[in-house]
Amino acid sequence: MDEIRDLRATMKKSFSEVDSLKRDLAMRVSEINKERDNYVNEEVLKVVSPEYLESNYNNFLGFAGTLEDFVREELSLEQKLEILVDYNINRQILEGNNGIEVKLDDIAKRKKDAKEQFKEEAVEMLGMYQTILDENQSRISLAEQDISTLSKQIEAAESKLQEIMGKDDESIAFAGRVSGKFDKAQAITSIKEQIESLKTDLENKQKELRELQLLQRKYMAELKTRKSEIETFLKQQNIYAFSRNANGDSSKVNSSENQSDEAKNPVQKQSEENVSNTSNPKRVAKSMFKDFVEASPERQRKLLGQKGNEDILKMARRLGAVDRRRLQTILNQRMDELRHSEISFVANDGTSYTVTKNAMKSLENIEKETLRAMREEIDRFNQDFSKKSIEEIEEFEAKLDYIRIGSLLSETKNWRNKKVSKWIFRKSK
Amino acid sequence: MNEKEYKENIKEIKENFMRMDKCNETLKKMIKIEKVINNEED
Numbered sequence: 000m001d002e003i004r005d006l007r008a009t010m011k012k013s014f015s016e017v018d019s020l021k022r023d024l025a026m027r028v029s030e031i032n033k034e035r036d037n038y039v040n041e042e043v044l045k046v047v048s049p050e051y052l053e054s055n056y057n058n059f060l061g062f063a064g065t066l067e068d069f070v071r072e073e074l075s076l077e078q079k080l081e082i083l084v085d086y087n088i089n090r091q092i093l094e095g096n097n098g099i100e101v102k103l104d105d106i107a108k109r110k111k112d113a114k115e116q117f118k119e120e121a122v123e124m125l126g127m128y129q130t131i132l133d134e135n136q137s138r139i140s141l142a143e144q145d146i147s148t149l150s151k152q153i154e155a156a157e158s159k160l161q162e163i164m165g166k167d168d169e170s171i172a173f174a175g176r177v178s179g180k181f182d183k184a185q186a187i188t189s190i191k192e193q194i195e196s197l198k199t200d201l202e203n204k205q206k207e208l209r210e211l212q213l214l215q216r217k218y219m220a221e222l223k224t225r226k227s228e229i230e231t232f233l234k235q236q237n238i239y240a241f242s243r244n245a246n247g248d249s250s251k252v253n254s255s256e257n258q259s260d261e262a263k264n265p266v267q268k269q270s271e272e273n274v275s276n277t278s279n280p281k282r283v284a285k286s287m288f289k290d291f292v293e294a295s296p297e298r299q300r301k302l303l304g305q306k307g308n309e310d311i312l313k314m315a316r317r318l319g320a321v322d323r324r325r326l327q328t329i330l331n332q333r334m335d336e337l338r339h340s341e342i343s344f345v346a347n348d349g350t351s352y353t354v355t356k357n358a359m360k361s362l363e364n365i366e367k368e369t370l371r372a373m374r375e376e377i378d379r380f381n382q383d384f385s386k387k388s389i390e391e392i393e394e395f396e397a398k399l400d401y402i403r404i405g406s407l408l409s410e411t412k413n414w415r416n417k418k419v420s421k422w423i424f425r426k427s428k
Numbered sequence: 000m001n002e003k004e005y006k007e008n009i010k011e012i013k014e015n016f017m018r019m020d021k022c023n024e025t026l027k028k029m030i031k032i033e034k035v036i037n038n039e040e041d
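Same order as they appear, the protein sequences are chains B and X.
According to numbering that gives the first Met the number 0, numbering within the first sequence proceeds without interruption in unit steps and concludes at 428.
According to numbering that gives the first Met the number 0, numbering within the second sequence proceeds without interruption in unit steps and concludes at 41.
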């Protein structure tokens, strides 16, 4: 009996201990859940924007509290995790292939800044050019006046010569009484010499003036050509550096980039209408892709360079599986057309890594050291861009074609047909 | 305008041509670079 009693007591004690452990465990689980919730809330709040919540959660607009309250109180854990998954896919794409996309993005940003700088510097330089041209025009007018005065002097001298030659002896005698020294023959010789000298001077100056006028016209035409080239180039980038007057001359500098509706080209207008007329990003992507597919191979190559990978990737992400495969085919073709079968990248330590064109189609399989060299070369070029010669820029841009297309191919290759939410986050990094 | 002033004026015009030449060449180079970095060059 005693044994049974002891056993009961032991069991009671054990049950009590288990209960205590259960309570501790429940408390710990509760603490862990709280920590997890706090962590998830903080991570979501770092990345989510009001626009994202508006687009994805109908109850956000009517919610009276702050964005933080909404995230903490209204969203379930699953919903919060879904936001983080969306954000991480976006980030993964941006940082894909060990940061190659980020580097390409750096280049796109540098180019955008450079474009604005180019506009400012070009407008300033054109202004200087115009000022010098105007000043020269005034100076040439002065030279023309001087030559005109010289012509009049010659006419006056010739008139005087005729006058003296036509005078009779009586007049000369009268003149002689006045001056006492007048000698008709000597006067004629002297005036003739003066006229000859003036004519020689006039001839030389007229010749010189013709040359100057010719040069002035040449520089005027050059200025017009440069202005037109700059205007056309900037217009292609949707930057308007000049305003037009009633005659259609683009003479004055317009600091604003916001062009009037009339100034926009038809493609640009259509494109904006497409965007404003539809809130369906897939339809916009489809329309962009249609334009891309219908462009010539050369134009496609230029578009790839001009648009930047981020825009192409955004478009590609909204395409269906068939269009995405078509995009892959086009990208493969554009890569095949590039001139060199191998390209080299130099790391900061001077080591050179050579990659074949085919290998560039699968950046994800390229060795890390080579990718590092790629990133380092892009960084070096970006840092020293202002010191580069045109030839160096051309060489680098040619190399970039391989990286751009390679990166696009790798990024788009493995996408699944995941439903894509609206990609509006507070920060991309 | 006397002869000295005339010569000064012509000298200044010629120097201005040199300045315009520099402006023109700089603009050409700037346009070329922009075209290269924006894939506008053939």
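Treat the hints loosely; a few may be bogus.
[To be verified] Here are the computed lysine-lysine pairs in the DSBU-like style, where the Cα-Cα straight-line distance is at most 35 Å: (1) X:K13 with B:K114; (2) X:K34 with B:K387; (3) B:K234 with X:K10; (4) B:K12 with X:K34; (5) B:K151 with X:K13; (6) B:K223 with X:K31; (7) B:K33 with X:K34; (8) B:K386 with X:K6.
Hints listed in this document are in silico derivations from the structure and should not be mistaken for laboratory results.
Open item on the list: Holds or violated: K13 of chain X and K114 of chain B, Cα atoms, limit 35 Å.
Closed with: Holds: K13 of chain X and K114 of chain B sit about 33 Å apart, inside 35 Å.
- [ ] Would you mind confirming whether the straight-line C-alpha gap from K234 of chain B to K10 of chain X stays at or under 35 Å?
- [x] Violated, at about 39 Å.
Open item on the list: For a C-alpha distance cap of 35 Å, please report whether K33 of chain B and K34 of chain X respect it.
Closed with: Roughly 57 Å separates the two Cα atoms, so the pair is violated.
Task: Holds or violated: K12 of chain B to K34 of chain X, with C-alpha atoms at most 35 Å apart - done: With a Cα-Cα distance of about 86 Å, the restraint between K12 of chain B and K34 of chain X is violated, given a limit of 35 Å.
Task: Restraint status (C-alpha distance of K34 of chain X to K387 of chain B at most 35 Å) - done: holds (15 Å)
Task: Satisfaction of hint between K13 of chain X and K151 of chain B, Cα-Cα up to 35 Å - done: holds (26 Å)
Open item on the list: Against the 35 Å threshold, does the CA-CA distance of K386 of chain B and K6 of chain X hold or violate the hint?
Closed with: violated (40 Å)
TODO: Verify the proposed pairing of K223 of chain B with K31 of chain X, using a straight-line Cα cut of 35 Å.
DONE: Roughly 17 Å separates the two Cα atoms, so the pair holds.
Going down the numbered hints, you'll see the structure goes against 3, 4, 7, 8, while the others check out.
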